[in-house]
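A.B. asks: Just so you know, the sequences run in chain order A and B.
At position 75 of the first sequence (counting the first as 1) the number is 75 in full-length UniProt numbering, and the numbers step up by one without a gap.
At position 233 of the second sequence (counting the first as 1) the number is 233 in full-length UniProt numbering, and the numbers step up by one without a gap.
One or more hints might be untrue.
[Stated by the list, open to error] Sample of chain B residues lacking proximity to chain A, with all beta carbon distances greater than 12 Å (derived): (1) 15; (2) 66; (3) 85; (4) 187; (5) 190; (6) 192; (7) 228; (8) 243; (9) 303.
[To be verified] The following label-pair restraints were derived from C-beta to C-beta distances: (10) A:191 x B:319: 38 to 44 Å; (11) B:329 x A:161: 38 to 44 Å; (12) A:154 x B:119: 39 to 45 Å; (13) B:119 x A:246: 55 to 61 Å; (14) B:329 x A:4: 40 to 46 Å; (15) B:324 x A:214: 45 to 51 Å; (16) A:125 x B:327: 54 to 60 Å; (17) A:68 x B:169: 45 to 51 Å; (18) B:40 x A:128: 47 to 53 Å; (19) A:252 x B:156: 33 to 39 Å; (20) A:3 x B:329: 54 to 60 Å.
No lab work stands behind these hints, which were simulated from the structure alone.
For glycine and all other residues, C-beta sits at the position ideal for the given N, C-alpha and C.
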Amino acid sequence: MTRDEAFLQFLLRMGDNTLILGHRVSEWCGHAPVLEEDIALANTALDLIGQTQMWLGLAGEVQGEGKSADDLAFLRDVWDFRNVLLVEVPNGDFGRTLMRQFLFDAWHSIMLGRLLKSSDERVAAIAEKASKEVAYHLERSGDTVVGLGDGTEESHKRMQEALDYLWPYVGEMFASDEVDAEMVAAGIAPDPTGLREEYDALVGKVLGEATLTIPDSRFAHKGGRDGRMHTEHLGHLLTEMQWLQRAYPGATW
Amino acid sequence: MYAQMIKTARTGVKPREEMSEQERAFQDKIDAGIKIEPRDWMPDDYRATLIRQIGQHAHSEVVGQLPEGNWITRAPTLERKAILLAKVQDEAGHGLYLYSAAETLGESRDELIRLLHEGRMKYSSIFNYPTLNWADIGAVGWLVDGAAIINQVALQRTSYGPYSRAMIRICKEESFHARQGYHAIMKMAFGTPEQKKMAQDAVNRLWFPALMMFGPSDKDSVHSEQSMAWKIKVKTNDELRQQFVDQTVPQIEYLGLDLPDPNIKWNEERGHYDFSDPDWSEFFDVIKGNGPCNVDRMNARRKAWDDGQWVRDGLLAHARKKAAAKVAAE
Ligand SMILES: [Fe+2]
Ligand SMILES: [Fe+2]
Ligand SMILES: [Fe+2]
Numbered sequence: 001m002t003r004d005e006a007f008l009q010f011l012l013r014m015g016d017n018t019l020i021l022g023h024r025v026s027e028w029c030g031h032a033p034v035l036e037e038d039i040a041l042a043n044t045a046l047d048l049i050g051q052t053q054m055w056l057g058l059a060g061e062v063q064g065e066g067k068s069a070d071d072l073a074f075l076r077d078v079w080d081f082r083n084v085l086l087v088e089v090p091n092g093d094f095g096r097t098l099m100r101q102f103l104f105d106a107w108h109s110i111m112l113g114r115l116l117k118s119s120d121e122r123v124a125a126i127a128e129k130a131s132k133e134v135a136y137h138l139e140r141s142g143d144t145v146v147g148l149g150d151g152t153e154e155s156h157k158r159m160q161e162a163l164d165y166l167w168p169y170v171g172e173m174f175a176s177d178e179v180d181a182e183m184v185a186a187g188i189a190p191d192p193t194g195l196r197e198e199y200d201a202l203v204g205k206v207l208g209e210a211t212l213t214i215p216d217s218r219f220a221h222k223g224g225r226d227g228r229m230h231t232e233h234l235g236h237l238l239t240e241m242q243w244l245q246r247a248y249p250g251a252t253w
Numbered sequence: 001m002y003a004q005m006i007k008t009a010r011t012g013v014k015p016r017e018e019m020s021e022q023e024r025a026f027q028d029k030i031d032a033g034i035k036i037e038p039r040d041w042m043p044d045d046y047r048a049t050l051i052r053q054i055g056q057h058a059h060s061e062v063v064g065q066l067p068e069g070n071w072i073t074r075a076p077t078l079e080r081k082a083i084l085l086a087k088v089q090d091e092a093g094h095g096l097y098l099y100s101a102a103e104t105l106g107e108s109r110d111e112l113i114r115l116l117h118e119g120r121m122k123y124s125s126i127f128n129y130p131t132l133n134w135a136d137i138g139a140v141g142w143l144v145d146g147a148a149i150i151n152q153v154a155l156q157r158t159s160y161g162p163y164s165r166a167m168i169r170i171c172k173e174e175s176f177h178a179r180q181g182y183h184a185i186m187k188m189a190f191g192t193p194e195q196k197k198m199a200q201d202a203v204n205r206l207w208f209p210a211l212m213m214f215g216p217s218d219k220d221s222v223h224s225e226q227s228m229a230w231k232i233k234v235k236t237n238d239e240l241r242q243q244f245v246d247q248t249v250p251q252i253e254y255l256g257l258d259l260p261d262p263n264i265k266w267n268e269e270r271g272h273y274d275f276s277d278p279d280w281s282e283f284f285d286v287i288k289g290n291g292p293c294n295v296d297r298m299n300a301r302r303k304a305w306d307d308g309q310w311v312r313d314g315l316l317a318h319a320r321k322k323a324a325a326k327v328a329a330e
């Protein structure tokens with residue numbers, strides 16, 4: 001694997017995470033429990049889509065085949081997507097959506113913090129912009145997880161169920177492979193495995209405050225970030241997201 | 001406009017000789033262009049009419065998320081998705097300002113939402129129409145926000161201070177939405193034949209519903225007079241509708257689309273476009289709950305509210321625990 005091939009994979013991983021999660025969050029539009037949450041969810045989705053434009057824009061540049069961020073978002077099939085499985089699982093109830101957001105935000109904020117020091121200036125610049133947004137996402141999702149975990153009996157139960165359902169998808173964010181090794185060697189990005197300790201401390205603190213119990217299994221579903229095996233859900237998501245581009249090829253919008 | 005057929009307690013204007021001292025002083029203030037503020041004395045019917053009008057406007061912003069939200073997950077480019085998300089986020093924000101304005105009159109947001117969900121309050125008829133192709137998203141911004149702006153620019157001069165200030169703030173964003181909507185539909189009108197067909201379809205379907213947004217014709221609008229005297233309403237339905245037609249017809253022509261009404265014609269004598277009336281029986285059907293999407297829209301809103309009950313309860317319970325812990329620590 002050449003450095004540019006690895007770099008492309010890394011950028012797709014970053015951009016596909018934000019694209020697919022942004023899409024999922026946007027599904028809430030108009031259906032949130034309270035108007036303030038409609039606004040917050042739309043705002044989160046908007047930030048994530050903006051970050052996608054930057055990551056996939058750079059991916060297209062590095063790939064050098066003249067593809068735009070839109071080409072990459074709308075014209076690839078499931079096997080070419082490199083997002084972790086966590087972001088493609090269905091929203092479930094509001095509790096699961098916010099728990100997924102928190103588990104992702106915690107990883108995302110730590111990752112972006114490291115990318116600020118990337119040897120590639122373009123990566124550092126994206127991280128600079130995105131990390132401010134993500135700090136806010138984390139604050140919000142963390143507060144909501146605490147509020148609902150330590151709320152009523154019912155909200156506690158639902159948040160625990162959400163955590164139990166999502167926990168097996170957490171490990172994939174910290175898996176390392178030859179792409180990561182290449183990125184570490186180039187000084188572009190950190191080894192994901194090295195982020196786990198900080199993550200566990202952060203997540204453990206918030207979930208403790210939320211009176212929730214982290215499942216003691218470390219089992220991790222994998223296959224998203226290398227594209228070997230996505231969930232069944234991603235195909236449906238892409239069917240919806242890519243429909244206009246697929247049905248009317250070559251049109252500009 | 002987002003407020004249609006707002007009922008006042010009476011038809012016609014209360015004559016001056018029937019007014020109490022307080023009512024006369026109140027009317028004099030309005031006539032002098034002085035804003036009414038939350039703490040000022042106001043007639044009960046002025047307060048009740050405003051609550052209905054502002055509440056209906058707020059509900060419209062909130063329900064209006066649904067037809068646009070219908071396309072967020074299918075937006076054709078990342079940029080279009082971002083623009084649409086930002087717009088819908090703004091609309092939810094408008095809902096918040098307006099509920100706050102209603103709160104200054106002593107009506108809580110929860111109570112207004114309850115009335116909406118029980119079918120005792122309405123939202124604009126326009127949001128009971130479906131968004132069927134991507135050009136509808138452009139057309140909604142251009143025509144629906146465009147029609148709303150015409151009404152809301154007039155309402156910037158409304159007599160109730162908090163409502164007037166909310167309108168000033170909201171209008172800036174609505175103008176932005178209308179411009180973006182027009183750009184989106186322009187892209188399609190000048191695009192492939194299929195895209196042009198979508199644009200034409202959107203204009204054909206949304207034209208008359210957009211005209212209905214201004215409410216029934218003045219001659220059938222029995223509650224307007226008192227609202228005009230109170231400057232809750234500033235221009236008549238027909239004046240606003242004409243202004244909308246005059247502004248929009250040249251834009252349709254610029255797009256190279258067919259006019260959605262064969263009777264649209266420039267009238268030199270009047271200095272305005274002539275046009276056909278919308279089918280008012282359809283309008284009254286929609287108002288009564290028989291529009292194409294009424295049931296689905298209300299079910300969606302009620303479901304969101306009911307499904308969210310445990311979230312609101314949970315967050316409230318947590319906030320109380322925290323407050324209690326703080327008191328205990330002090
Ligand atoms: Fe609005
Ligand atoms: Fe609007
Ligand atoms: Fe708007």
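A.B. asks: Each of the hints needs a verdict: does it hold here or not?
C.D. replies: Each hint tested on the structure:
1. Consistency note on residue 15 of chain B: stated as away from chain A, and its beta-carbon is indeed over 12 Å from all of that chain's, at 42 Å minimum.
2. With a closest Cβ-Cβ approach of about 5 Å to chain A, residue 66 of chain B is found to fall inside the 12 Å limit, against its non-interface label.
3. Separation of residue 85 of chain B from chain A is inadequate, the least Cβ-Cβ distance of about 4 Å not exceeding the 12 Å criterion.
4. The claim that residue 187 of chain B lies off the interface is violated: its Cβ sits roughly 6 Å from the closest Cβ of chain A, which falls inside the 12 Å cut-off.
5. A cut-off of 12 Å between C-beta atoms contradicts the statement that residue 190 of chain B is not in contact with chain A; the least separation is 10 Å.
6. A beta-carbon of chain A comes within 12 Å of the beta-carbon of residue 192 of chain B; the shortest separation is about 5 Å.
7. Residue placement check: residue 228 of chain B keeps its beta carbon more than 12 Å from all beta carbons of chain A (closest about 31 Å).
8. Even its closest Cβ contact with chain A, about 30 Å, leaves residue 243 of chain B beyond 12 Å, as expected for a residue assigned away from the interface.
9. For residue 303 of chain B, the condition that its CB be more than 12 Å from all CB atoms of chain A is violated, with the nearest at approximately 7 Å.
10. Look at residue 191 of chain A against residue 319 of chain B: about 40 Å separates their beta carbons, and that is inside 38 to 44 Å.
11. Here the CB-CB span from residue 329 of chain B to residue 161 of chain A is close to 32 Å, at odds with the stated 38 to 44 Å.
12. Separated by about 28 Å at the C-beta atoms, residue 154 of chain A and residue 119 of chain B break the suggested range of 39 to 45 Å.
13. One distance hint, 55 to 61 Å for the beta-carbon pair residue 119 of chain B and residue 246 of chain A, is violated here, with the actual separation near 40 Å.
14. Our hint of 40 to 46 Å for residue 329 of chain B and residue 4 of chain A is violated, since their Cβ atoms are close to 57 Å apart.
15. Restraint check, residue 324 of chain B to residue 214 of chain A: a C-beta distance of roughly 27 Å breaks the suggested window 45 to 51 Å.
16. Distance hint for residue 125 of chain A and residue 327 of chain B: a CB-CB separation of about 47 Å, inconsistent with the stated range 54 to 60 Å.
17. For residue 68 of chain A paired with residue 169 of chain B, a C-beta distance near 36 Å fails the hint of 45 to 51 Å.
18. For the hinted restraint 47 to 53 Å between residue 40 of chain B and residue 128 of chain A, the CB-CB distance of approximately 50 Å keeps it satisfied.
19. With their beta carbons about 37 Å apart, residue 252 of chain A and residue 156 of chain B fall inside the hinted range of 33 to 39 Å.
20. Roughly 56 Å separates the CB atoms of residue 3 of chain A and residue 329 of chain B, a value that falls within the hinted 54 to 60 Å.
Violated hints for the displayed structure, listed by number in ascending order: 2, 3, 4, 5, 6, 9, 11, 12, 13, 14, 15, 16 and 17.
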